[in-house]
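Engineer: What follows is each chain in one-letter form.
There are 2 protein chains.
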Amino acid sequence: MAVNVVESKEWYLAGYAADGVPTTDHLTLRSVPLSLSLDSIPDAHVAVQLLFISVDPYLRTRMSGQEDGLYFPQFSLNQVITAFGVGRVMRSKDEKYSEGDIVLNAFFPVAEYCVVPSSVLIRKIDPEAGIPLPEYLSCLGVPGFAAWVGIEVLGEAKPGSNAFISAAAGGVGMVAGQLAKLKGCRVIGSTGSDAKVRLIKEEFGYDDAFNYNKEVDFDATLSKYFPNGIDIYLENVGSKMLEAVLNHVNPHARIPVCGMISQYNQIWTEREGVRNLLNIVGKEVRMEGFLVGSYLDRFADFTVEMEGYLKQGKISSKIKIYEGIQSFAESLGSLFSSSNFGKVVIEVNKPR
Amino acid sequence: MAVNVVESKEWYLAGYAADGVPTTDHLTLRSVPLSLSLDSIPDAHVAVQLLFISVDPYLRTRMSGQEDGLYFPQFSLNQVITAFGVGRVMRSKDEKYSEGDIVLNAFFPVAEYCVVPSSVLIRKIDPEAGIPLPEYLSCLGVPGFAAWVGIEVLGEAKPGSNAFISAAAGGVGMVAGQLAKLKGCRVIGSTGSDAKVRLIKEEFGYDDAFNYNKEVDFDATLSKYFPNGIDIYLENVGSKMLEAVLNHVNPHARIPVCGMISQYNQIWTEREGVRNLLNIVGKEVRMEGFLVGSYLDRFADFTVEMEGYLKQGKISSKIKIYEGIQSFAESLGSLFSSSNFGKVVIEVNKPR
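Going line by line, the protein sequences match chains U and Z. Note that the working numbering has the first sequence beginning at 952, numbered continuously upward. Note that the working numbering has the second sequence beginning at 952, numbered continuously upward.
Check the hints yourself; a few may be wrong.
The list cannot tell twin chains apart, which means a pair is met if one copy fits it or any two copies do.
To be verified - Derived EDC-like pairs: lysine to aspartate or glutamate, alpha-carbon spacing no greater than 20 Å straight-line:
no., residue 1, residue 2
1, Lys1269, Glu1153
2, Lys1301, Asp1252
3, Lys1269, Asp990
4, Lys1047, Asp970
5, Lys1075, Glu1107
6, Lys1152, Asp1045
7, Lys1191, Glu1223
8, Lys1262, Asp1158
9, Lys1132, Glu1154
10, Lys1044, Glu1258
11, Lys1152, Glu1079
12, Lys1191, Glu1221
13, Lys1175, Asp990
14, Lys1262, Glu1281
15, Lys1165, Asp1145
16, Lys960, Glu1281
Bear in mind the hints are in silico, worked out from the structure with no lab data behind them.
Only chain U is shown next, with the shape it has when bound in the complex (with noise of 0.2 Å):
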């Protein structure tokens, strides 16, 4: 017999965290009563048993409360914190989506169930295309599109292209070299770890890999790295490496501004500076900051591309998976040190 009221836990924002990575005192988790009747269900409404929730460093910047400084829209206070997540619809008031149906959504309460308008849902994941569920969080999710953005729209990636790929072992980046690699470009990444540096380079194809830790002078580095210059940046970190990137770059190189985590744990006011900007004018570089949101017109051209990779097993993507919906503000604060490796995803049930 179907359950009509469950509890659901959900995390969420007990305080802004202006700087520092956001702890329990940010971040909570409480327990909400959730009727799941059909009758309390609004029409155009369905109910969902969240699977798998995206644990995403852009998240970060919407829990600053530093609206002016970070330009991320913020989470409010008191409200659930929303995510990328995939989820098990329960029960539906819209005749497109039955009990069963796994579905998609940018914005999902992270929370165990949740009751959202059938409008915000992406799309519906077909069980039997032989992808894990994760991989629409990882490859096909947030990460992988942003690194199709940025690699292949905004970087023009082209054969010969010196590609170099920042937080390369991270959800973004991982996936960004193997496309930057199919591309036919020459690609370096830097990471946190020599762990990670073997990653990248054994499992990822990247042509060579450096441990930004282990490195005293970035131009230096990237001098050695790049001796024919930098065509293409993703930026995701900011700061000094960007600083000596924009001493390397090739005249017209694009610069696709992903983020930048260096600097989401720090007031602005307070950030290192990048001094050299004047290089984008003689060397006539593009830097373009992007939200995937702005690209969702292109999201099913790159799903049949990706979908397309992962089947001819040309691209994967490592996947840290953390058990239960408590481990959200661990997995989160995770992102931000050397430790982590591919992507972050919670599972909060487990599909049947």
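Got chain U; can you put chain Z on it based on the hints?
Structural biologist: Structure of chain Z alone, referenced to chain U:
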């Protein structure tokens, strides 16, 4: 009877100026004999008497000797400086040019006379067109073309866009503001004196303008002048103004980077950095450096459009003319003081 040998005074680079405004320690005038006899002129070359030379801020960036930090090709030591100019053909070994033709060249020696390959000449000027010759170095020259590329090509100016022009009373800025107005933008300028604020509002049609020397908090200033945010920022100054702008950009703002005059006289490691570049992610800003030399395939389109505006009186320019080749160093220095108005030009020889 034709003169066969002239003494031509020319400016050469005696030493690089890593920082500060170049002085006569770095820029030195010398006199060299130049044969103008037809048999001494190589085939496909012309002998030219310089009439007007364009004095632009980018020239400074070619005198630092800091190739890595600045990324502009450096002038060679002991070689003559080159600049955009207008000259009169005195002798021709190319049937396309005749004595008396008025010609444009992007790389004339900063000299009284020269012999150059005819292939470097951009075009002949029709003296009957009714446009004063210095205007070919202003609205129709490097600064006018830079303004056009910045506002129309990269800035994608549209009716209703909020456009902000820095160095607004300078050679590029005065044209950029007028072009943005013609495209239907709301245009605000920043400049370095109250007299220039009046000039750009009264003569160049800026909707409003401010004297940055009187503003203590650029963030507050931009809040006042851009209650609806900034869609286009034509970057000509860098540093603190750019930082303030990045706190006021609208989604998908364009920042064509023409130059950063506040940065030219400092070694890059000593400049103040820009700390809030992360904002270009959240607002999806496109920041793009450009050199007009890369857009020469559009120069003819630009010329047609700009000549039309000039003839219709829709665009005007203010030109400060320094007399004589000896005024080059002083005129270049004037660009880095707040006292400079409009486009700076040297009149080398009087047009006949």
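Engineer: For Lys960 and Glu1281, with the copy left unspecified, which applies at a CA distance of at most 20 Å: within, between, both, or neither?
Structural biologist: For Lys960 and Glu1281, the Cα distance is within 20 Å only inside one copy (16 Å; across copies 72 Å).
Engineer: Check Lys1175 against Asp990 for me: Cα-Cα at most 20 Å, and say if that holds within a copy, between copies, both or neither.
Structural biologist: neither (66 Å within a copy, 52 Å between copies)
Engineer: Regarding Lys1262 and Glu1281, is the shortest C-alpha distance of 20 Å or less found within a copy, between copies, in both, or in neither?
Structural biologist: Neither: 32 Å inside a copy, 68 Å across copies.
Engineer: If the cut is 20 Å between Cα atoms, do Lys1301 and Asp1252 qualify within a copy, between copies, both or neither?
Structural biologist: Answer is neither: 30 Å inside a copy and 63 Å across each miss the 20 Å cutoff.
Engineer: My question is about Lys1132 and Glu1154: at a cut-off of 20 Å on alpha-carbon distance, are they close within one copy, between copies, both, or neither?
Structural biologist: within (13 Å within a copy, 55 Å between copies)
Engineer: Could you place Lys1269 and Asp990 in one of the four classes (within, between, both, neither) given a Cα distance threshold of 20 Å?
Structural biologist: Result: close neither inside a copy nor across copies, 42 Å intra and 74 Å inter.
Engineer: First find the shortest C-alpha distance between Lys1262 and Asp1158 inside one copy, then the shortest across copies, and answer within, between, both or neither for a cut-off of 20 Å.
Structural biologist: Answer is neither: 23 Å inside a copy and 58 Å across each miss the 20 Å cutoff.
Engineer: One pair to classify: Lys1047 and Asp970, alpha carbons no more than 20 Å apart. Within, between, both, or neither?
Structural biologist: neither (43 Å within a copy, 67 Å between copies)
Engineer: Pop the pair Lys1269 and Glu1153 into one bin, within, between, both or neither, using alpha-carbon distances up to 20 Å.
Structural biologist: within (12 Å within a copy, 62 Å between copies)
Engineer: Give the relationship of Lys1191 and Glu1221 under a CA distance limit of 20 Å: within one copy only, between copies only, both, or neither.
Structural biologist: both (14 Å within a copy, 14 Å between copies)
Engineer: Using 20 Å as the alpha-carbon threshold, which applies to Lys1152 and Glu1079: within, between, both, or neither?
Structural biologist: neither (31 Å within a copy, 67 Å between copies)
Engineer: Have a look at Lys1075 and Glu1107 and pick one of within, between, both or neither, based on CA distance no larger than 20 Å.
Structural biologist: Answer is neither: 30 Å inside a copy and 38 Å across each miss the 20 Å cutoff.
The structure does not agree with the numbered hints 2, 3, 4, 5, 6, 8, 10, 11, 13, 14 stated previously, though it agrees with the rest.
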